[in-house]
Structures are given as C-alpha cells and as structure tokens.
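So the protein sequences, as listed, match chains S and F. The first sequence begins at 1 in this note's numbering and counts up by one. The second sequence begins at 1 in this note's numbering and counts up by one.
I should point out that these hints are in silico values taken from the structure, not numbers from a laboratory. Just so you know, not all the hints are guaranteed correct.
Same chains, same names: a pair is fine if it fits in one copy or spans any two.
Unchecked claim - Using 25 Å as the maximum straight-line C-alpha spacing, the simulated DSS-like pairs for lysine-lysine come out as follows:
{"hint": "1", "residue 1": "Lys3", "residue 2": "Lys98"}
{"hint": "2", "residue 1": "Lys203", "residue 2": "Lys284"}
{"hint": "3", "residue 1": "Lys299", "residue 2": "Lys244"}
{"hint": "4", "residue 1": "Lys301", "residue 2": "Lys97"}
{"hint": "5", "residue 1": "Lys102", "residue 2": "Lys301"}
{"hint": "6", "residue 1": "Lys228", "residue 2": "Lys284"}
{"hint": "7", "residue 1": "Lys254", "residue 2": "Lys51"}
{"hint": "8", "residue 1": "Lys244", "residue 2": "Lys133"}
{"hint": "9", "residue 1": "Lys5", "residue 2": "Lys28"}
{"hint": "10", "residue 1": "Lys97", "residue 2": "Lys178"}
{"hint": "11", "residue 1": "Lys98", "residue 2": "Lys133"}
{"hint": "12", "residue 1": "Lys254", "residue 2": "Lys3"}
{"hint": "13", "residue 1": "Lys54", "residue 2": "Lys97"}
{"hint": "14", "residue 1": "Lys304", "residue 2": "Lys178"}
{"hint": "15", "residue 1": "Lys314", "residue 2": "Lys254"}
{"hint": "16", "residue 1": "Lys299", "residue 2": "Lys102"}
{"hint": "17", "residue 1": "Lys102", "residue 2": "Lys254"}
{"hint": "18", "residue 1": "Lys244", "residue 2": "Lys254"}
Every value quoted in this text rests on a predicted model; they were computed, and no experiment measured them.
There are 2 protein chains.
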Amino acid sequence: MSKQKVLLLGATGETGTSILNSLLTLNKFEITALVRPSSAEKPDVQALTEKGVKILIADISGPAEELINALTGIDVVISAIGGMAQMAQMGLVEAAKKAGVKRFVPCDFASVCPVGVMMLRDEKEEIHTQIKKLGLGYTFIDVGYWYQLSFPPLPSGRTSYAMFPGMQVPLHGDGEAKNILIDIRDIGHFVARIIDDERTLNKYVYGWGDILTENQIYDMMEEVSGEKLERVYVPDEEVVAQEKQLLQAFENDKTNVRLRIGVMSTQYAISKYVRRDNTPENAKSLGYLDARELYPDLKPKSFKEFVGDLVDGKVQRPYAKGMSM
Amino acid sequence: MSKQKVLLLGATGETGTSILNSLLTLNKFEITALVRPSSAEKPDVQALTEKGVKILIADISGPAEELINALTGIDVVISAIGGMAQMAQMGLVEAAKKAGVKRFVPCDFASVCPVGVMMLRDEKEEIHTQIKKLGLGYTFIDVGYWYQLSFPPLPSGRTSYAMFPGMQVPLHGDGEAKNILIDIRDIGHFVARIIDDERTLNKYVYGWGDILTENQIYDMMEEVSGEKLERVYVPDEEVVAQEKQLLQAFENDKTNVRLRIGVMSTQYAISKYVRRDNTPENAKSLGYLDARELYPDLKPKSFKEFVGDLVDGKVQRPYAKGMSM
Chain S
1 MSKQKVLLLG ATGETGTSIL NSLLTLNKFE ITALVRPSSA EKPDVQALTE KGVKILIADI
61 SGPAEELINA LTGIDVVISA IGGMAQMAQM GLVEAAKKAG VKRFVPCDFA SVCPVGVMML
121 RDEKEEIHTQ IKKLGLGYTF IDVGYWYQLS FPPLPSGRTS YAMFPGMQVP LHGDGEAKNI
181 LIDIRDIGHF VARIIDDERT LNKYVYGWGD ILTENQIYDM MEEVSGEKLE RVYVPDEEVV
241 AQEKQLLQAF ENDKTNVRLR IGVMSTQYAI SKYVRRDNTP ENAKSLGYLD ARELYPDLKP
301 KSFKEFVGDL VDGKVQRPYA KGMSM
Chain F
1 MSKQKVLLLG ATGETGTSIL NSLLTLNKFE ITALVRPSSA EKPDVQALTE KGVKILIADI
61 SGPAEELINA LTGIDVVISA IGGMAQMAQM GLVEAAKKAG VKRFVPCDFA SVCPVGVMML
121 RDEKEEIHTQ IKKLGLGYTF IDVGYWYQLS FPPLPSGRTS YAMFPGMQVP LHGDGEAKNI
181 LIDIRDIGHF VARIIDDERT LNKYVYGWGD ILTENQIYDM MEEVSGEKLE RVYVPDEEVV
241 AQEKQLLQAF ENDKTNVRLR IGVMSTQYAI SKYVRRDNTP ENAKSLGYLD ARELYPDLKP
301 KSFKEFVGDL VDGKVQRPYA KGMSM
C-alpha cells in the first residue's frame with residue numbers, strides 16, 4: 001500500500017508542530033506542508049525541508065483553481081490554522097472537495113463545547129456545516145485544553161520560563177469543574193492514529209491526557225513541587241460579567257485583536273468552569289468517540305508527568321515564537 | 001419496571017397519529033397528549049381520551065412555569081408539531097430541561113439533509129443546537145420522504161382519492177436520484193422502538209421503508225396498476241431557478257404561508273433530486289444510525305405494498321383534515 005498523502009496547514013504552529021512530529025515519527029505518511037507566500041522564507045519553514053517535509057507555497061485565500069491544483073492527489077488535509085483565522089479555511093474546504101480529498105480535518109483541536117457558547121467554536125461550526133453540505137469526508141478532532149495553559153505559577157518562580165506571558169490561572173467557582181486536558185506534545189499522537197483509521201471517518205473524536213478539576217491541578221502542583229500555592233477563587237458571576245463587557249467592546253471594534261483574544265479566553269472560562277462543557281460525559285452526548293477507547297495502547301502524558309517535566313525545565317512556553325494571525 | 005411516561009405534541013397530525021397509534025399498540029407507555037387551549041374542544045382531541053390518552057391542555061408559547069409543571073414527571077417528549085411551527089418548540093425545550101425530561105425527540109421526521117440547504121431543516125437545526133447547548137438528552141429521528149407524497153396519479157383517476165390537492169409528482173433530472181422513503185403509517189413503529197432503546201440516546205437515527213429512484217417509482221406504479229404513465233422530466237436548472245424566485249418573493253413577504261410552503265417544497269426537490277442528499281450513504285456521513293439495522297425484526301411496508309394499498313383504496317389522503325399552522 002502506498003503512503004497516505006497528507007497536507008498539513010499550520011505546520012510551524014503549536015498544534016501543527018505536535019502533529020508534524022508525530023506524523024514524521026511514524027514514517028507512514030507522505031507529508032506536505034502548506035505555507036503561505038509571506039512565510040516562505042522563514043527559518044522555521046526552511047527547517048521543515050530538512051525534516052523531509054515537502055513545502056507547498058500557496059495562499060488559501062487565493063484563486064480557487066490554484067488551490068484545487070495544489071490539493072489534487074492529497075488524501076488527507078489537516079488544518080492547524082491559528083484561532084484568529086478559522087474562517088479562512090472556507091476556500092480550502094471547497095477546493096479540497098473539488099480536488100477529491102478523502103478526509104478533511106479542520107482546525108478544531110480545542111475543548112468540547114456545544115454551539116452558541118463560544119465565538120471561536122461557532123466559527124468552527126460554520127466550517128463543519130460547509131464540509132457536511134459539500135459531502136466532503138471529515139474527522140472533527142478535539143483535545144480539551146492544554147496542560148501548558150492550565151498550571152498556576154509556582155511562588156519560587158521556577159515555572160516562569162514556561163508561562164505564556166500574562167497568563168493567569170486562578171480557580172473558578174468552587175474549583176470542582178472537571179476538564180478534559182492534554183499535553184500539546186500528545187495532540188499529534190492522537191491525530192496520526194485517527195487519520196489512519198476508517199472508524200473515525202465522518203466522526204467526532206476527542207483525545208485527552210487527563211480529566212482534572214482545578215483543585216486537583218493545584219494539589220498536584222503542590223505535591224510535585226513541595227511549594228504552597230495561594231488559592232484565589234473567581235466567582236462565576238465575575239466571569240459572566242466580564243464576558244458581557246468584553247463582547248460589547250468587541251462589537252464596537254471588531255478588528256481589535258486584543259479584544260477578540262479577551263472574548264475568546266473569557267468564553268473558554270465560561271464553557272469550562274461555569275457551564276462545565278468540557279467533560280467526557282458531554283463529549284459523549286455530543287456524539288464524540290473517545291480516542292483512548294479507540295487506541296488503548298496509546299499512553300499520553302498524565303498531568304502529573306507534565307508537572308514533573310515542568311519543574312525539571314523541560315516544557316516549552318506556548319507561543320514562544322508569537323501567535324500567528 | 002414502571003411504564004415510561006411519554007408526552008406527545010401534535011398527536012392528531014399526520015406524523016403524530018402514526019406515532020400515537022404505535023405507542024398505544026405496544027401498551028408499554030403512559031401517554032399524554034399535549035394540546036393547545038384552542039384545540040381542546042375539537043372532536044379529534046375528544047377521541048384521544050377514548051383511546052386512553054391523557055390530555056394536557058397547555059400553550060407551549062405560554063409562561064415557562066406552567067410548562068415546567070406540565071412536563072415534570074415526563075420521561076420522553078416527542079414533538080410532531082407542524083412544519084410551520086418549528087421555532088415554537090424552543091420554549092418546550094427549555095421547559096423540558098428544567099423539568100428533568102430524560103429524552104427530547106424534536107420534530108425532525110423528514111428527509112436527510114445537511115444544514116444550509118433547506119429553510120425548514122435549518123430551523124430544526126436551531127432546535128438541535130439549543131437542545132445540545134442545554135445538555136438535554138435527545139434523539140433526532142428522520143424518516144425520509146413519505147410514500148403518500150411520492151406517487152404520480154394514475155390516468156384512470158383511481159388514485160385521486162389519496163392525492164394531496166395540487167400535488168405534482170413529475171420526475172427530476174434523469175429520474176435516477178435515489179431517496180429514503182417511508183409509509184407514514186410506519187413512522188410510529190420506528191419511533192416506539194427508538195425511544196425505548198438506550199443505544200439511541202443522544203444519537204441521530206433514520207427509519208425507512210424503501211430506497212427508490214423516481215424511475216423505479218413510476219415503474220412500480222405501472223407494474224401494479226397495469227396503466228401507462230406519461231413521464232415528464234424537470235431539468236435541475238428549472239428547480240434551481242424556481243427556488244431563487246420563490247425565496248426572493250418570500251423575503252419580501254415573510255408571513256405569506258403559501259410562499260413559505262412553496263419555498264419548502266422547492267427546497268425539498270433541490271435536496272432530494274439536485275443535491276441528492278436523502279440517501280443512506282449521506283445519512284451515514286452525517287452520523288445517523290440506521291433503524292433497520294437496530295431493529296432487523298421490524299418490517300415496514302415496501303413501496304410496492306403501499307401501491308397495492310393505494311389501488312385497493314386503502315390509503316388515507318395526507319392532510320385530509322387540513323394542515324395545522
């Protein structure tokens with residue numbers, strides 16, 4: 001059997017790097033990275049070539065004909081485009097259908113959440129809707145929230161190197177909302193298995209490393225580090241009021257990226273802690289398959305192992321190279 | 001085990017009557033019909049009481065508190081509300097969640113179709129979205145298109161008694177689009193099994209009697225009746241142009257029921273014949289379970305059996321008692 005031809009969009013981003021590393025390790029895929037013209041000369045992109053990745057320079061907002069040509073012969077498209085650029089996938093979806101792509105994995109890779117709660121999730125839903133309308137084969141993969149954005153800083157300062165700047169990780173409500181979580185490095189391991197599995201065609205699937213409450217996260221941080229953490233609990237009402245305020249401001253200033261990120265992150269908090277959407281029970285209700293049940297031999301990092309890496313200085317700060325818009 | 005308590009909305013309509021009859025036959029459910037105050041005195045409603053159906057008079061657009069009280073203690077809500085009143089289900093959904101209803105079956109009961117093709121389907125999607133957002137247990141049941149609206153009249157006139165007035169059944173395109181079809185009388189048999197099955201909780205399911213092209217339907221009508229049918233093929237472009245025209249007119253006159261029905265019926269034609277959405281393959285891609293696989297012992301009427309009934313004068317005209325708005 002010839003190798004599956006996979007086209008990856010966003011190969012140098014957080015999620016894309018995880019996916020690319022796993023695909024390369026398995027040596028069962030022929031990988032092409034789709035790169036926009038403005039990024040063609042970046043060192044990161046140059047480095048891809050050295051890893052044996054084919055580079056395809058194309059503008060996904062460009063002429064349909066070019067995109068269709070570029071996608072012809074590709075079996076699987078995986079999009080790990082940035083959170084700001086979800087809607088730019090629309091042209092890629094159309095082209096993939098016309099080019100005969102067998103499976104399209106759009107940029108989900110986030111927490112489990114129904115429609116009508118988060119702006120970001122609703123944009124992803126528009127992509128899903130278009131894929132289904134066109135009858136394009138798909139898998140929608142979610143992975144919960146990243147370990148790398150879910151730990152509070154240690155008072156000693158020894159975790160600061162891995163903290164996303166400005167990241168605040170207080171506790172919410174009673175700190176008892178459990179959430180599906182994952183180490184960014186494991187996302188790719190799930191994706192590589194999922195795209196090579198007929199059972200996941202035209203399905204929703206979620207991969208995960210641990211299911212934890214914020215109280216449990218704080219407990220583990222204290223246990224592994226031996227340090228004591230101050231626990232600040234943010235009441236639900238405060239998060240709800242903050243969303244309202246940010247949404248209003250964003251409505252009046254739709255191109256303001258800082259406001260958009262504010263809305264997105266507050267809506268994540270509402271979904272994860274106030275509504276408590278990001279759970280295995282909810283994933284099941286929403287029709288997801290559990291990737292841990294599909295691949296019982298796959299052993300992702302537990303949060304405790306991640307904390308071990310964290311205090312050992314082995315974790316990479318997310319978005320260290322900036323956030324692609 | 002005590003009987004499941006089922007509340008049925010639209011019990012005197014086409015789909016509702018089919019569902020009610022099956023539920024009554026099985027004698028495993030405690031059935032309540034939800035009836036709006038303005039219909040309380042109708043003979044049809046009076047007749048329900050004689051069949052052992054409890055009547056609950058309530059306005060689904062009325063105060064939330066009353067609706068929640070009415071739904072408390074109900075296990076399953078089945079809505080077979082008219083095609084004009086889909087959005088009126090919104091309050092019922094909210095109340096069902098608050099009342100602790102275990103499973104909500106909204107008014108789907110139609111052809112398999114993705115979002116973004118038919119106004120009617122998109123309204124149903126809004127109901128689905130709200131159900132998922134609230135975390136209310138659900139089953140979404142589709143059944144394809146009715147035999148009773150899918151046969152051409154025989155030249156002898158002996159099928160006229162069963163024809164919906166004004167119904168035209170030409171062939172579309174090459175007449176080769178296959179469609180999921182069902183006898184209205186079988187809808188209930190599927191629904192009764194589905195709501196009593198844990199495997200269908202939080203799933204999409206479709207029931208069906210036959211999968212046929214229009215050419216096959218014409219062939220069977222000729223074969224069973226011994227009469228010869230004229231075959232008129234409507235080109236796709238004509239249906240597409242008609243939708244465009246009707247949609248424009250409807251945009252300017254949104255409360256015009258005749259225009260709304262025109263849009264709905266033209267969009268059914270687009271979905272069924274131009275796009276060819278209403279197929280088992282598409283249902284599978286959209287995540288549906290096949291009720292015939294779940295219940296292999298259930299033997300719905302084939303279209304050929306239906307045509308036998310039809311020429312024997314045993315078929316009821318759909319909407320003989322009018323269309324409820």
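Results of checking the hints against the structure:
1. Lys3 <-> Lys98: within (22 Å within a copy, 52 Å between copies)
2. Lys203 <-> Lys284: Both ways: Lys203 and Lys284 sit 12 Å apart in one copy and 10 Å across, limit 25 Å.
3. Lys299 <-> Lys244: For Lys299 and Lys244, neither the intra-copy (40 Å) nor the inter-copy (54 Å) Cα distance is at most 25 Å.
4. Lys301 <-> Lys97: Neither. Shortest intra-copy (36 Å) and inter-copy (37 Å) distances fail the 25 Å Cα cut-off.
5. Lys102 <-> Lys301: neither (31 Å within a copy, 36 Å between copies)
6. Lys228 <-> Lys284: neither (36 Å within a copy, 52 Å between copies)
7. Lys254 <-> Lys51: Close neither inside one copy (39 Å) nor across copies (59 Å); limit 25 Å.
8. Lys244 <-> Lys133: between (33 Å within a copy, 18 Å between copies)
9. Lys5 <-> Lys28: within (9 Å within a copy, 53 Å between copies)
10. Lys97 <-> Lys178: For Lys97 and Lys178, only the inter-copy Cα distance (22 Å) is at most 25 Å; the intra-copy one is 38 Å.
11. Lys98 <-> Lys133: within (13 Å within a copy, 33 Å between copies)
12. Lys254 <-> Lys3: Neither way: Lys254 and Lys3 sit 44 Å apart in one copy and 54 Å across, limit 25 Å.
13. Lys54 <-> Lys97: within (22 Å within a copy, 52 Å between copies)
14. Lys304 <-> Lys178: within (16 Å within a copy, 54 Å between copies)
15. Lys314 <-> Lys254: neither (38 Å within a copy, 62 Å between copies)
16. Lys299 <-> Lys102: Cα proximity of Lys299 and Lys102: none, with 28 Å in one copy and 35 Å across.
17. Lys102 <-> Lys254: Classified as neither; 35 Å inside a copy, 40 Å across copies.
18. Lys244 <-> Lys254: Result: close within a single copy only, 15 Å intra versus 32 Å inter.
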